[in-house]
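Starting from the given sequences, assemble the full structure and let the hints guide the process.
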Amino acid sequence: AFFWLLSLLAASLLWSVSVRLSGREDAALLPLGAAAAVLLQELCRFACFKMLKKADEGLATFSEDGRSPISLRQMAYVSGLSFGIISGIFSITNILADSAGPGTVGIHGDSPYYFITSAFLTMALVLLHTFWGIIFFDACERRRAGGLGLVVGSHLLTSGLTFLNPWYEASLGPIFILTLCTGLWAFSTAGGSFRNVLKCLSCKQEPESQAMLYSALQVPPE
Amino acid sequence: MITFMNNSDSEEEPCNERTSLMSAESPPVPSYQDGLQASQAGEAQAHRKRRAGSSRGPNNIAGGEMSGSGVPVRESILENEEEELTLKYGAKHVIMLFVPVTLCMIVVVATIKSVRFYTEKNGQLIYTPFSEDTPSVGQRLLNSVLNTIVMISVIIVMTVFLVLLYKYRCYKFIHGWLILSSLMLLFLFTYIYLGEVLKTYNVAMDYPTLFIVIWNFGAVGMICIHWKGPLQLQQAYLIMISALMALVFIKYLPEWSAWVILGAISIYDLMAVLCPKGPLRMLVETAQERNEPIFPALIYSSAMMWTVGMAKPDTAARGPSQQTWDAAEDGREHLRSPSHAESQMPEMRSPVPTRPVTSIEELEEEERGVKLGLGDFIFYSVLVGKAAATASGDWNTTLACFVAILIGLCLTLLLLAVFKKALPALPISITFGLIFYFSTDNLVRPFMDTLASHQLYI
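Residue numbers (the working numbering), protein chains in the order written: chain A, 792 to 1013; chain B, 610 to 1067.
If you are wondering where the hints come from, they were derived from the structure by calculation, not from laboratory data. Among the clues, some could well be false.
From the structure, some residues in chain A lie toward chain B, with a derived Cβ separation under 7 Å [unchecked claim]:
id: 1; residue: 793
id: 2; residue: 825
id: 3; residue: 829
id: 4; residue: 881
id: 5; residue: 884
id: 6; residue: 885
id: 7; residue: 888
id: 8; residue: 890
id: 9; residue: 916
id: 10; residue: 938
id: 11; residue: 950
id: 12; residue: 953
id: 13; residue: 955
When the alpha-carbon atoms are kept at most 25 Å apart in a straight line, the in silico BS3-like pairs for lysine-lysine are as follows [what the hints assert, rightly or not]:
id: 14; chain 1: B; residue 1: 837; chain 2: B; residue 2: 781
id: 15; chain 1: B; residue 1: 701; chain 2: A; residue 2: 841
id: 16; chain 1: B; residue 1: 701; chain 2: A; residue 2: 844
id: 17; chain 1: B; residue 1: 776; chain 2: B; residue 2: 701
id: 18; chain 1: A; residue 1: 845; chain 2: B; residue 2: 701
id: 19; chain 1: B; residue 1: 837; chain 2: B; residue 2: 730
id: 20; chain 1: B; residue 1: 837; chain 2: B; residue 2: 722
Simulated restraints, written as ranges between beta carbons of each label pair [unchecked claim]:
id: 21; chain 1: A; residue 1: 893; chain 2: B; residue 2: 813; range: 21 to 29 Å
id: 22; chain 1: A; residue 1: 958; chain 2: B; residue 2: 731; range: 46 to 54 Å
id: 23; chain 1: A; residue 1: 890; chain 2: B; residue 2: 806; range: 18 to 26 Å
id: 24; chain 1: A; residue 1: 826; chain 2: B; residue 2: 729; range: 37 to 45 Å
id: 25; chain 1: A; residue 1: 841; chain 2: B; residue 2: 1044; range: 38 to 46 Å
id: 26; chain 1: B; residue 1: 774; chain 2: A; residue 2: 842; range: 44 to 52 Å
We treat Cβ as the ideally placed atom computed from N, Cα and C, and that holds for glycine.
Following this line, the structure appears as structure tokens:
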């Protein structure tokens, strides 16, 4: 969350400076500001990855069996989730606070569905950040530039789609499809598969694996 | 302050036996290792070799298990065990501190946002004599700086006074002072707070009910804080009085003065704890020499010492023997009464020496925790509350300050684990908080507002 805030700070700084310098209408510079924000967020995600990697190594050296108590996947999930949460909170809290007060939505000609679409968009964004976190960390771990590029690209795409906003079919629909696809991709990156899901749902596999463990334990004394 | 300090004086005796054992068999170890072995008696030992990015949190190692037999391999295994235990406990302690700090901030922000009373300007305290209603910016700045100087000098005087009292063993006076100040907090401020909340929600309450409620609340609070009581209840009361104090500060400190005071307090904290002649440091060292815990009612302790089959010791002295803890500056609570008794105790951190009586039982389940001074709670909440009150009604600023303070606390605990000394808890968090407040309010807010008005997401 802290890293996301740092990125937001940097992006706003950039935007304010550019607004002052250019002296033009705010709205024209928004795409630039938004793109800068996205790129800075990804940069901060990378910084987060580096720091967590170091922490992971530190933890691993400290623990007895050389493995750290928290796997990198869990860290990826947590970091993605926290990015998503802080991003979602920042997007929605003011809207929520305003929605508790008096007023009519869209009285000046804007869409009357502002609140509910904001809610859905925020939810999609939180999920997306979580998935991007997992994919990003995995791609960094295995040094696959393709994964990285796709994450950054899809983030830019999402942000760009929100620019089409009063035309909700064009923005909400694709964003949700993108969320689903990214989710499936993240799931498979984290090692899941259809079989895993089935195994998880049916608890019959448990005793077998335990039996295996016991038999494994028996081997050394012999 | 959060501090880890090795109880150097009191560890002297157990140290001697162990160190002689140690030096015969093992390669020369750094000094803290000796302390580690010496912690057999249950003294503080939070040490861990710090490596980058490792666990954060106080090093609470069950000293009892570390009987250094001196073999280097064994040492490293022990070290690893310690470190793992520390890691396990470390993260837990960070969470144990996050929860009360968060709760305090939530109470303060909720009150600020809902009760109008605390955002109205109804005068100033005598500690900030200069008004900020001047027309020119320069004059206002000057007045706020002067206010800060007055306030900080009051705090310094009170702290030095308290240290002197402690040095010359005027315990009765200090206890009386503390009791008087917590009395005032628990009864008077609660009465005002309850009155304002009832006014806001337009709930009628008759005087007898009010009397009974406040009497019960105050009496139980006094008992819990100054004597024995369940740990959770004591923690809840400490959080509540910190929140009340922070609300008083938010109401009665003028705006610019509040920000300058926050900055000055963190600098003062840094100096008072780390300079050799700093009052807080002297207080901690004196307490260590005498092997006594520092005052009750000024520290928040997150864990308890379970003594087998014994009645609980004084709640204030409860807590793991070594943890670093801070004597909170409770003095600030009593700004309103000129005769305020509370001393402004700077946040100190020092390991709490174990009570000799319970030293054996301590080896049994001892749950170590961290201690944080109440003054830290108060000032964190003042920062977040001020952000909530004056940031153009924006929640983003409040949240950004909240995250910044928590991250600062994390970093401070990390440093605590590295340095193993009493450390000030204020500077890092307050610095982050201030940076984030000003930058979020001025830079991020227009950006996010413009984005939100077009319903754009980044």
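**OP:** Go through the numbered hints given earlier and state which of them the structure violates, listing their numbers in rising order.
**Re:** As far as the earlier hints go, 8, 10, 13, 17, 19, 20, 25 are violated by this structure, in ascending order.
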